[in-house]
Amino acid sequence: DVKVTQSSRYLVKRTGEKVFLECVQDMDHENMFWYRQDPGLGLRLIYFSYDVKMKEKGDIPEGYSVSREKKERFSLILESASTNQTSMYLCASRTGIAAYFGSGTRLTVV
Amino acid sequence: QKEVEQDPGPLSVPEGAIVSLNCTYSNSAFQYFMWYRQYSRKGPELLMYTYSSGNKEDGRFTAQVDKSSKYISLFIRDSQPSDSATYLCAMSGPGNTGKLIFGQGTTLQVKP
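Keeping their order, the protein sequence lines are chains A and C. Oh and the first sequence: position 84 is 101 in the numbering used here, straight run, nothing missing. Oh and the second sequence: position 44 is 50 in the numbering used here, straight run, nothing missing.
If you are wondering where the hints come from, they were derived from the structure by calculation, not from laboratory data. Just so it is clear, the structure is predicted and the values come from calculations on it, not from any experiment. Take the hints with a grain of salt, since some may be wrong.
Taking lysine-lysine and the BS3-like style, the derived pairs with C-alpha atoms no more than 25 Å apart in a straight line are [as the list claims (entries may be wrong)]: (1) C:K8 to A:K74; (2) C:K48 to C:K117; (3) A:K35 to A:K87; (4) C:K117 to C:K8; (5) C:K73 to A:K72; (6) A:K87 to C:K105; (7) C:K105 to A:K74; (8) A:K70 to A:K87; (9) C:K73 to A:K20; (10) C:K76 to C:K8; (11) C:K73 to C:K117; (12) C:K62 to C:K73; (13) C:K105 to A:K72; (14) C:K76 to C:K105; (15) A:K74 to A:K87; (16) A:K20 to C:K8; (17) C:K117 to A:K88; (18) C:K105 to A:K70; (19) A:K88 to A:K35; (20) C:K73 to C:K48; (21) C:K73 to A:K30; (22) A:K70 to A:K35; (23) C:K105 to C:K48; (24) A:K72 to A:K88.
Residues from chain C that face chain A, not an exhaustive set, calculated with beta carbons under 7 Å [to be verified]: (25) P16; (26) V19; (27) G22; (28) S26; (29) Y45; (30) G49; (31) Y55; (32) G109.
Restraint ranges, calculated between C-beta atoms of paired labels, are given here [what the hints assert, rightly or not]: (33) A:R31 to C:I24: 44 to 52 Å; (34) C:R83 to A:V69: 40 to 48 Å; (35) A:T103 to C:P14: 43 to 51 Å.
Think of the CB as a built atom: it goes at the ideal place given N, C-alpha and C, for glycine as much as any other residue.
Let's have the full structure, built from the sequences with the hints guiding it.
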């Protein structure tokens, strides 16, 4: 069965903290994505990776970075968390047509 | 202008109604057109996809793509309360492994 696992379901962090969101897929997919989901704005692409150590900026990369050292793992890093980064973060992996999503991490920055 | 536009709703219909969900897009390079369904507190799941123009039917669901108008639709026949969810259109191209761009999502409630 296809599986994308996000390390935390809920996370509360303080302003200025460095935050790591982890995502692991077990399907040997080349492409992995990080989105954030906000009411009325839908899913907005932050970064995506099409291979190990390869990445491309999405539509809203400011304040974020990513790391993909192994094919199965794609990490999203908030360099210095701010309150406007409070959101639902969704990781996905894809090969072919379908993208498979994790259950999301609800991040609150206080 | 966003690459993909979708009316967020909410949309409320009685059980058994025909539901029409729509998206418009601006990037003529899009080749793959998808509909995802997202239940509360879950990640989106692929419902249907269409390559280029045309229609595709799967049970009560029909997806349509009109590339000349840059317009895609999802029709749900005989809607059920279990169809209550957020429906997101998504597009990609060229190629089927590149960037995947989503609409804002439409929240649908089907009332018994």
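Structure-based check of each hint:
1. Of the pairs offered as hints, the one joining K8 of chain C and K74 of chain A holds, with about 16 Å between alpha carbons and a cut-off of 25 Å not exceeded.
2. Between K48 of chain C and K117 of chain C the CA atoms are separated by roughly 21 Å; this keeps the pair inside 25 Å, and the hint holds.
3. Note on K35 of chain A and K87 of chain A: the hinted pairing holds, with a Cα-Cα distance of about 21 Å set against a maximum of 25 Å.
4. Between the alpha carbons of K117 of chain C and K8 of chain C the distance comes to roughly 32 Å, so the proposed pair goes past 25 Å and is violated.
5. Pair hint K73 of chain C plus K72 of chain A does not hold up; C-alpha atoms about 30 Å apart against a cutoff of 25 Å.
6. Proposed proximity of K87 of chain A and K105 of chain C is supported: the alpha carbons are some 20 Å apart, at most 25 Å.
7. Straight-line distance between C-alpha atoms of K105 of chain C and K74 of chain A comes to about 10 Å, which keeps the hinted pair within the 25 Å bound.
8. Proximity of K70 of chain A to K87 of chain A is assessed by CA-CA distance (about 8 Å); at most 25 Å being required, the pair is judged to hold.
9. Our distance criterion of 25 Å between C-alpha atoms is broken by K73 of chain C and K20 of chain A, whose separation comes to about 33 Å.
10. Only pairs whose Cα atoms come within 25 Å are accepted, and K76 of chain C paired with K8 of chain C is accepted, the gap being roughly 13 Å.
11. Between K73 of chain C and K117 of chain C the alpha-carbon distance is near 33 Å, which puts this suggested pair outside the 25 Å criterion.
12. Between the alpha carbons of K62 of chain C and K73 of chain C the distance comes to roughly 14 Å, so the proposed pair stays at or under 25 Å and holds.
13. A hinted pair counts as satisfied when its Cα atoms are at most 25 Å apart, and K105 of chain C with K72 of chain A qualifies at roughly 11 Å.
14. The suggested pairing of K76 of chain C with K105 of chain C holds, with an alpha-carbon distance near 18 Å, which does not exceed 25 Å.
15. At most 25 Å may separate the alpha-carbon atoms for a hinted pair to count; K74 of chain A and K87 of chain A meet this at roughly 19 Å.
16. A distance of roughly 30 Å separates the Cα atoms of K20 of chain A and K8 of chain C; the hinted pair therefore is violated under the 25 Å criterion.
17. With a CA separation close to 44 Å, the supplied pair K117 of chain C and K88 of chain A exceeds the 25 Å bound.
18. Distance restraint check for K105 of chain C and K70 of chain A: the Cα-Cα separation of roughly 17 Å lies within the 25 Å cut-off, and the hinted pair is therefore satisfied.
19. A C-alpha spacing of about 23 Å is found between K88 of chain A and K35 of chain A, which places the hinted pair at or below 25 Å, so the restraint holds.
20. For the hint pairing K73 of chain C with K48 of chain C, the CA-to-CA distance comes to about 31 Å; that exceeds 25 Å, so the pair is violated.
21. Taking the CA atoms of K73 of chain C and K30 of chain A, the gap is near 44 Å; set against the 25 Å cutoff, the hint is violated.
22. Between K70 of chain A and K35 of chain A, the direct Cα distance comes to roughly 21 Å. Compliance with the 25 Å bound is thereby established for this hinted pair.
23. About 22 Å separates the Cα atoms of K105 of chain C and K48 of chain C, which keeps this hinted pair within 25 Å; it holds.
24. For a cut-off of 25 Å, the pair hint linking K72 of chain A to K88 of chain A stands: about 12 Å separates their Cα positions.
25. Taken as an interface hint, P16 of chain C does not check out: its beta carbon lies about 11 Å from the nearest beta carbon of chain A, beyond 7 Å.
26. For the restraint placing V19 of chain C at the interface with chain A, the shortest Cβ-Cβ distance is roughly 21 Å, beyond the 7 Å limit, so the hint is violated.
27. Taking 7 Å as the C-beta cut-off, the interface hint given for G22 of chain C is violated, the closest approach to chain A being about 28 Å.
28. For S26 of chain C, the interface hint is violated, since its Cβ never comes within 7 Å of a Cβ in chain A; the closest pair sits about 19 Å apart.
29. Because the beta carbon of Y45 of chain C sits about 11 Å from the nearest beta carbon in chain A, more than 7 Å, this interface hint is broken.
30. Here the hint on G49 of chain C is kept, as its CB sits about 3 Å from the closest CB of chain A, short of 7 Å.
31. Look at Y55 of chain C: its Cβ gets to within about 5 Å of chain A, closer than 7 Å, so that hint holds up.
32. Taken as an interface hint, G109 of chain C checks out: its beta carbon lies about 6 Å from the nearest beta carbon of chain A, inside 7 Å.
33. Judged by the Cβ atoms, the range 44 to 52 Å given for R31 of chain A and I24 of chain C holds: they are separated by roughly 49 Å.
34. Distance hint for R83 of chain C and V69 of chain A: a CB-CB separation of about 44 Å, consistent with the stated range 40 to 48 Å.
35. Look at T103 of chain A against P14 of chain C: about 19 Å separates their beta carbons, and that is not inside 43 to 51 Å.
The earlier numbered hints that this structure contradicts are 4, 5, 9, 11, 16, 17, 20, 21, 25, 26, 27, 28, 29, 35.
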